[in-house]
Amino acid sequence: MVSLLAPPVRRASAICETRFMSDLDVAEIGRQLAAGDESALAEAYQRWSRLVYTVALRSLPTAADAEDVTQTVFISAWRSRHNFNPEAGNVPAWLLAITRRRIADHHRKRRDEVSLEHAPEALTQDADISDQVSVADEIDELGEPAGQIIRLAFFDDLTHQQIAHKLDMPLGTVKSHIRRSLQRMRSRLEVTHAAAL
Amino acid sequence: MQQHCEPEDMALLALGEQNQPCQEHVLSCPQCRQEFDQLCEVVTLGRASGGPDSLVEPSPELWERISSQLDTEPVALHTDVKALAEPSPSGGENVIPMARRKRTLPRWTGLVAAAAAGILMGGAVVATITGQDTPSSVVASAELTPMPDGPDRGGQAEASLNRTDNGYTITVKASDIQGPEGFYEVWLLDGENSGLIALGSLAPGEKEATFPVPDGVDLSAFNAVDVSDEPLDGDPTHSTVTVLRGTLQT
Ligand SMILES: [Zn+2]
Numbered sequence: 001m002v003s004l005l006a007p008p009v010r011r012a013s014a015i016c017e018t019r020f021m022s023d024l025d026v027a028e029i030g031r032q033l034a035a036g037d038e039s040a041l042a043e044a045y046q047r048w049s050r051l052v053y054t055v056a057l058r059s060l061p062t063a064a065d066a067e068d069v070t071q072t073v074f075i076s077a078w079r080s081r082h083n084f085n086p087e088a089g090n091v092p093a094w095l096l097a098i099t100r101r102r103i104a105d106h107h108r109k110r111r112d113e114v115s116l117e118h119a120p121e122a123l124t125q126d127a128d129i130s131d132q133v134s135v136a137d138e139i140d141e142l143g144e145p146a147g148q149i150i151r152l153a154f155f156d157d158l159t160h161q162q163i164a165h166k167l168d169m170p171l172g173t174v175k176s177h178i179r180r181s182l183q184r185m186r187s188r189l190e191v192t193h194a195a196a197l
Numbered sequence: 001m002q003q004h005c006e007p008e009d010m011a012l013l014a015l016g017e018q019n020q021p022c023q024e025h026v027l028s029c030p031q032c033r034q035e036f037d038q039l040c041e042v043v044t045l046g047r048a049s050g051g052p053d054s055l056v057e058p059s060p061e062l063w064e065r066i067s068s069q070l071d072t073e074p075v076a077l078h079t080d081v082k083a084l085a086e087p088s089p090s091g092g093e094n095v096i097p098m099a100r101r102k103r104t105l106p107r108w109t110g111l112v113a114a115a116a117a118g119i120l121m122g123g124a125v126v127a128t129i130t131g132q133d134t135p136s137s138v139v140a141s142a143e144l145t146p147m148p149d150g151p152d153r154g155g156q157a158e159a160s161l162n163r164t165d166n167g168y169t170i171t172v173k174a175s176d177i178q179g180p181e182g183f184y185e186v187w188l189l190d191g192e193n194s195g196l197i198a199l200g201s202l203a204p205g206e207k208e209a210t211f212p213v214p215d216g217v218d219l220s221a222f223n224a225v226d227v228s229d230e231p232l233d234g235d236p237t238h239s240t241v242t243v244l245r246g247t248l249q250t
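Note that the protein sequences, when read in sequence, are chains A and B. Counting with the working numbering, you get residues 1 to 197 for the letters of the first sequence. Counting with the working numbering, you get residues 1 to 250 for the letters of the second sequence.
I should point out that these hints are in silico values taken from the structure, not numbers from a laboratory. Just so it is clear, CB atoms sit at the ideal spot from N, CA and C, and this is done for glycine as well. Among the hints, a few may not be true.
Simulated coverage check for chain B against chain A, where a stretch passes if three residues somewhere in it have a Cβ under 8 angstroms from a Cβ of chain A [stated by the list, open to error]: (1) 49–63; (2) 214–228.
Some chain B residues judged to face chain A by a derived CB distance under 7 angstroms, without partners named [as the list claims (entries may be wrong)]: (3) 7; (4) 12; (5) 15; (6) 17; (7) 21; (8) 46; (9) 69; (10) 147; (11) 181; (12) 183; (13) 201; (14) 203.
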């Protein structure tokens, strides 16, 4: 499915958009996975194991727990691939929904063991973690220069004028990238939330 | 009231940049306020996330652990895998390595794997090929019913063993079965319940699914069809929650 990826084309206009992976590629992985293509699972792992593992790592006490959950998530995904509807959802959102269920299982097991009272708290926290990591993953998907612009705005706290100056870009280009990138991240969250229901 | 904020101004406002007119409008316009709150949530989450560089790769061995379990479907409910490990006298010559099988059989049967240990396993699901299968004839059938001590999910189900040009297949037909809690997995088991072969999974509400039987399986021993409810826990062994079972009869 990588072959579907056209080489990034930079247009000199304000709406140049270079992306590592288009929605089309994501949908294609979903279709192939649902059809039982094992290479699609490998592709999904390559692409989203960091997402799943990072969420697990931030939600669970040890890296070993996080690896166990990650392993379980991908095996679950493979074994329940017939339940995945590629027309209705996308693979990363589906993987995250499975991840959150497995993490909740983990918490439940521990709660049974030590009878913790703050389980709802843990669930809210898990939702936040999965949202945060989804947004981080989406930033990774933005391609350049959008990804760099967002990094500068998010993590270096630069204003759009400062970013335009630093990258030697028109103000309008920077503003447009910021708007569209935030919209992309918002859509990503919406899909993630829809799958978690 | 001032006209709605420009989307780009709103995005910058969500990032914390100053824009007095837009800010005042957002405070007084429910529509823009909603949009603005959502963008703020994105910005807050993004800043709290640590960014893409903070995402962590799992150890390189993890994929090996996962992929080794994909076709390595459960073989034994207890510990007796001998029945499968030793090729049966009748079908032993059919036990060929996966690589050869893949070349000689259509794609959908190629997933049936013989593991390194020489143990036969099945993991393929060919529900989607129903209707474009090679001509087949039913050689045995079974009514599938709940276990006396197991859950009763209602409905009706039957299984048939079919002979095709490419070997045997099992077809499961089900109607109005409730559930599953996890997912339904179809198994072939021998009369003494000492060995199990995973055939594949049945989607909720799926009315009919056909699964290839791995070559070399002694069908005189593996003559019962079992449908289990499997939790989504990645554990490839039988959950021991049998929802339906029946013995194939000619
Ligand atoms: Zn407005």
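Hints versus structure:
no. : hint    : result
1   : 49–63   : holds (count 12)
2   : 214–228 : violated (count 0)
3   : 7       : holds (5 angstroms)
4   : 12      : holds (6 angstroms)
5   : 15      : holds (5 angstroms)
6   : 17      : holds (5 angstroms)
7   : 21      : violated (16 angstroms)
8   : 46      : holds (5 angstroms)
9   : 69      : holds (6 angstroms)
10  : 147     : violated (22 angstroms)
11  : 181     : violated (12 angstroms)
12  : 183     : holds (5 angstroms)
13  : 201     : holds (6 angstroms)
14  : 203     : holds (4 angstroms)
Checked against the numbered hints given earlier, this structure breaks hints 2, 7, 10, 11; the rest are met.
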